[in-house]
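Make the full structure from the sequences, and use the hints.
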Amino acid sequence: MFMRIGITLACLLLAGCDGTADGKGTRIDGYELIRIARQTPYGCSGYDPVSDTCSSLSTMTPEGATFYSQGKVLFPADPPIEVTGGMRFIMTADGRLCGYGDKPRARATGGTADQRKAAEAVFKGSFEAFRLLCSTFYERDDGQIYSLMTDPDGRSVPIGEEIVYFFDRPKTLRPAF
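Numbering follows this note's numbering, with no gaps: position 160 of the sequence shown is 151.
There is no bait here: all hints are sound.
Calculated lysine-lysine pairs in the DSBU-like style (CA-CA distance at most 35 Å, straight line):
no. : residue 1 : residue 2
1   : 162       : 94
2   : 63        : 94
3   : 15        : 162
4   : 15        : 94
5   : 63        : 108
6   : 15        : 63
Ranges of calculated distance between the beta carbons of each label pair, as one might list FRET restraints:
no. : residue 1 : residue 2 : range
7   : 123       : 75        : 19 to 25 Å
8   : 56        : 96        : 17 to 23 Å
9   : 105       : 31        : 33 to 39 Å
10  : 158       : 70        : 20 to 26 Å
11  : 25        : 68        : 30 to 36 Å
Simulated from the structure, these hints should not be mistaken for lab results. Ideal Cβ positions, reconstructed from N, Cα and C, are used throughout, including at glycine.
Written as structure tokens, this is what we have:
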């Protein structure tokens, strides 16, 4: 279970991933994704239109020659533990966004002190396990973004595919796991 949690947390920062997409669409580079994210800054993974909720939320901000992505996810607990984390990404020559897993940031709220510490460790550990993750983006005919997460050699990572919905306001989070 911790591997799935770790992969999900890592993926959400690169536009999310907790499902499988039906079709890719037209490939876009990271700069086009940033343009889309400026207009509708909240990337919602695992969107449920019935409850109008997301299993994770992310935002992406250009910072000089890099991009900073920040994401939020809820761990099931009573009360739920919200982990907010982020890391810096670079744009590759082929338009992918790649983040190095050795410098993730994480902060947890809710739950007990031990639960928060464990959630932060899982979050950070997921990035350290992969070291480097990259995402390629595709715009679908319906305007949504398909994200495919890979290792540096272009091999897909487990559960590394997702349709990301972008909104102009943050949606409510629901537990991701």
